[in-house]
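Visitor: Construct the entire structure; sequences and hints are all you get.
Protein chains: 4
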Amino acid sequence: MFLTVDADDKRPLYQQIADGVKALIASGELREGMALPSVRQLAGDLGVNLNTIAVAYRQLQEEGFLRVRHGAGTVVTSERPTRIEEEALRKPLRSALTQWILGGRDDSEIVAAVRRELALIHQKGESR
Amino acid sequence: MFLTVDADDKRPLYQQIADGVKALIASGELREGMALPSVRQLAGDLGVNLNTIAVAYRQLQEEGFLRVRHGAGTVVTSERPTRIEEEALRKPLRSALTQWILGGRDDSEIVAAVRRELALIHQKGESR
Amino acid sequence: MFLTVDADDKRPLYQQIADGVKALIASGELREGMALPSVRQLAGDLGVNLNTIAVAYRQLQEEGFLRVRHGAGTVVTSERPTRIEEEALRKPLRSALTQWILGGRDDSEIVAAVRRELALIHQKGESR
Amino acid sequence: MFLTVDADDKRPLYQQIADGVKALIASGELREGMALPSVRQLAGDLGVNLNTIAVAYRQLQEEGFLRVRHGAGTVVTSERPTRIEEEALRKPLRSALTQWILGGRDDSEIVAAVRRELALIHQKGESR
DNA sequence: GTGGTCTAGACCACG
DNA sequence: GTGGTCTAGACCACC
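Residue numbers (our numbering), protein chains in the order written: chain Y, 1 to 128; chain E, 1 to 128; chain U, 1 to 128; chain H, 1 to 128.
Don't take every hint at face value.
With a straight-line cut-off of 27 Å between C-alpha atoms, the simulated DSS-like cross-links for lysine-lysine are [to be verified]:
1) H:Lys124 <-> U:Lys124
2) H:Lys10 <-> H:Lys124
3) U:Lys10 <-> H:Lys124
4) H:Lys124 <-> U:Lys91
5) E:Lys91 <-> E:Lys124
6) H:Lys10 <-> E:Lys22
7) H:Lys10 <-> U:Lys22
8) Y:Lys124 <-> Y:Lys91
9) Y:Lys10 <-> Y:Lys91
10) E:Lys124 <-> Y:Lys91
11) U:Lys124 <-> H:Lys22
12) H:Lys22 <-> U:Lys10
13) Y:Lys22 <-> E:Lys10
14) U:Lys22 <-> H:Lys124
15) U:Lys22 <-> U:Lys10
16) Y:Lys10 <-> U:Lys22
17) E:Lys91 <-> Y:Lys91
18) Y:Lys10 <-> E:Lys124
19) H:Lys22 <-> H:Lys10
20) E:Lys10 <-> Y:Lys10
21) U:Lys124 <-> U:Lys91
22) U:Lys124 <-> H:Lys91
23) E:Lys22 <-> E:Lys124
24) U:Lys124 <-> U:Lys22
25) E:Lys10 <-> E:Lys91
26) E:Lys91 <-> Y:Lys124
27) Y:Lys124 <-> Y:Lys10
These are computed hints drawn from the structure, not numbers from a lab.
Guide: Here it is as structure tokens:
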């Protein structure tokens with residue numbers, strides 16, 4: 001579990017943690033059925049409040065990524081969320097691409113960066 | 001000027017407005033030297049408070065996109081911010097791509113969507 | 001915390017407060033990691049609106065002097081901004097020196113005053 | 001007359017102009033009895049509004065630097081303002097020095113910079 | 001006319 | 001508890 005929180009990040013702590021878990025799932029580092037650290041454990045590791053972890057886990061549960069089994073810890077759910085509607089995915093992508101354009105990149109540079117980034121995301125999950 | 005604010009959006013109003021202006025600049029709809037509506041005017045159009053617009057404009061000024069001249073109006077800066085370092089651009093891109101992967105898309109689908117989105121962004125600025 | 005606001009001062013209140021905090025940091029009275037009063041507390045102490053303090057704190061955060069943690073408090077940043085380029089520092093110095101010359105002082109008087117002023121700035125931080 | 005206005009400067013235009021004239025007087029470039037350009041002329045040269053120049057000249061007149069002779073133009077006054085009280089001079093000096101300290105300079109560096117700056121100010125007036 | 005600042009008071013989000 | 005956002009409305013400074 002390589003999760004970190006960054007005080008300079010503008011996102012709230014619980015969001016950073018939830019996003020971090022999602023990234024681990026996306027990369028394949030966390031697979032279906034694998035157990036997550038307990039709320040107490042992770043809170044201790046990251047040096048944050050118990051509540052903060054609980055909020056992150058609850059959000060992930062509501063989104064269907066985790067299953068909390070009473071008294072038996074938290075595991076990555078076997079049934080992944082169904083194919084998400086494209087409309088919801090476009091907004092953050094468009095926003096990210098806009099920043100690249102404003103940063104002075106042309107389309108071919110951006111597409112190359114996207115390919116590079118996708119490779120990096122997948123690579124992490126394979127190295128295990 | 002096609003700016004809108006969305007109450008369901010999690011971002012604060014002033015951020016939505018600032019992002020909207022940036023998008024207009026990225027698309028070429030707003031070009032160097034063009035005047036923006038006055039804070040009062042835009043506040044009236046969008047149905048938000050005058051101060052909210054002022055905050056958005058000030059942020060854009062600090063980021064180098066606008067020149068706010070006290071007593072005169074607000075115009076798009078002629079000299080755009082220099083090429084932004086890649087590191088700052090990667091985080092939001094990576095985050096957006098992660099969501100696409102979790103949404104069940106494979107890499108080729110994602111790259112196609114990126115190309116589509118880039119075309120859409122540029123298209124807007126050309127229709128004038 | 002010896003911060004005051006002066007109605008006769010031409011600078012806006014939030015700027016006076018931000019400058020005051022900077023002066024306390026420069027003198028060493030406020031050191032890395034020290035907590036600042038909450039916006040509500042300081043607003044009450046100075047008799048200004050809560051928002052005015054928030055604006056001052058946000059500006060100081062953007063300049064790298066403070067770390068504002070939502071839900072927790074505000075502390076002096078551990079890593080100070082790196083060495084600032086001389087060009088930005090010269091303008092206000094030149095302006096101040098010009099006034100001394102117009103006020104009828106010769107160079108040796110001015111240099112003596114500068115030494116005196118520097119000593120005063122540092123002195124404050126040591127008396128603790 | 002080497003006066004310029006800078007749109008990036010935070011000071012209002014009339015203040016930049018007034019400060020510029022003061023700097024020319026301090027350096028000796030403008031001496032007692034010398035005529036200043038007319039309001040119209042200077043407004044045209046700088047590309048600013050007539051009123052803006054008028055405000056700057058009026059401020060300089062109130063401070064005793066200029067004498068406006070009805071229908072006969074504006075000249076640098078022969079009787080310079082008396083020795084200004086030190087208290088008024090200290091505030092901007094202290095503010096400028098604080099910035100140098102925060103910028104990472106130690107006292108000897110600052111004193112050296114002050115000597116350099118004083119020399120530069122005087123030098124300008126001699127080269128004519 | 002323009003933008004800038006400030007207030008009082010409300011409500012929300014975070015830890 | 002903390003800070004963040006927003007409003008309504010006031011007054012000021014600039015051009």
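Visitor: Now tell me, hint by hint, if it's right for this structure.
Guide: To see whether the hints hold, each was checked on the structure:
Straight-line distance between C-alpha atoms of H:Lys124 and U:Lys124 comes to about 37 Å, which puts the hinted pair past the 27 Å bound. About 25 Å separates the Cα atoms of H:Lys10 and H:Lys124, which keeps this hinted pair within 27 Å; it holds. Distance restraint check for U:Lys10 and H:Lys124: the Cα-Cα separation of roughly 31 Å exceeds the 27 Å cut-off, and the hinted pair is therefore not satisfied. Distance restraint check for H:Lys124 and U:Lys91: the Cα-Cα separation of roughly 16 Å lies within the 27 Å cut-off, and the hinted pair is therefore satisfied.
The straight-line distance between the Cα atoms of E:Lys91 and E:Lys124 is roughly 26 Å, inside the 27 Å bound, and the hint therefore holds. Taking the CA atoms of H:Lys10 and E:Lys22, the gap is near 23 Å; set against the 27 Å cutoff, the hint holds. Pair hint H:Lys10 plus U:Lys22 holds up; C-alpha atoms about 19 Å apart against a cutoff of 27 Å. Annotation: proposed proximity of Y:Lys124 to Y:Lys91 holds, straight-line Cα distance about 26 Å (limit 27 Å).
Taken as a hint, the Y:Lys10 and Y:Lys91 pair is honoured in the structure, with Cα atoms around 19 Å apart against an allowance of 27 Å. Between E:Lys124 and Y:Lys91 the CA atoms are separated by roughly 16 Å; this keeps the pair inside 27 Å, and the hint holds. Among the hinted pairs, U:Lys124 with H:Lys22 is inconsistent with the structure: their alpha-carbon atoms are about 33 Å apart, more than 27 Å. Distance restraint check for H:Lys22 and U:Lys10: the Cα-Cα separation of roughly 19 Å lies within the 27 Å cut-off, and the hinted pair is therefore satisfied.
The straight-line distance between the Cα atoms of Y:Lys22 and E:Lys10 is roughly 19 Å, inside the 27 Å bound, and the hint therefore holds. About 33 Å separates the Cα atoms of U:Lys22 and H:Lys124, which puts this hinted pair outside 27 Å; it is violated. Between the alpha carbons of U:Lys22 and U:Lys10 the distance comes to roughly 18 Å, so the proposed pair stays at or under 27 Å and holds. The hinted pair formed by Y:Lys10 and U:Lys22 meets the criterion: a straight-line CA distance of about 23 Å does not exceed 27 Å.
With a C-alpha separation of about 15 Å, the suggested pair E:Lys91 and Y:Lys91 falls inside the 27 Å cut-off, and the hint holds. Among the hinted pairs, Y:Lys10 with E:Lys124 is inconsistent with the structure: their alpha-carbon atoms are about 30 Å apart, more than 27 Å. Of the pairs offered as hints, the one joining H:Lys22 and H:Lys10 holds, with about 18 Å between alpha carbons and a cut-off of 27 Å not exceeded. Annotation: proposed proximity of E:Lys10 to Y:Lys10 holds, straight-line Cα distance about 14 Å (limit 27 Å).
Between U:Lys124 and U:Lys91, the direct Cα distance comes to roughly 26 Å. Compliance with the 27 Å bound is thereby established for this hinted pair. A C-alpha spacing of about 16 Å is found between U:Lys124 and H:Lys91, which places the hinted pair at or below 27 Å, so the restraint holds. With a C-alpha separation of about 13 Å, the suggested pair E:Lys22 and E:Lys124 falls inside the 27 Å cut-off, and the hint holds. Taking the CA atoms of U:Lys124 and U:Lys22, the gap is about 13 Å. The hint holds against a cut of 27 Å.
With a C-alpha separation of about 19 Å, the suggested pair E:Lys10 and E:Lys91 falls inside the 27 Å cut-off, and the hint holds. Simply put, E:Lys91 and Y:Lys124 have alpha-carbon atoms about 16 Å apart, close enough for the 27 Å limit, and the pair holds. Taking the CA atoms of Y:Lys124 and Y:Lys10, the gap is about 25 Å. The hint holds against a cut of 27 Å.
Checked against the numbered hints given earlier, the structure breaks hints 1, 3, 11, 14 and 18 and satisfies all the rest.
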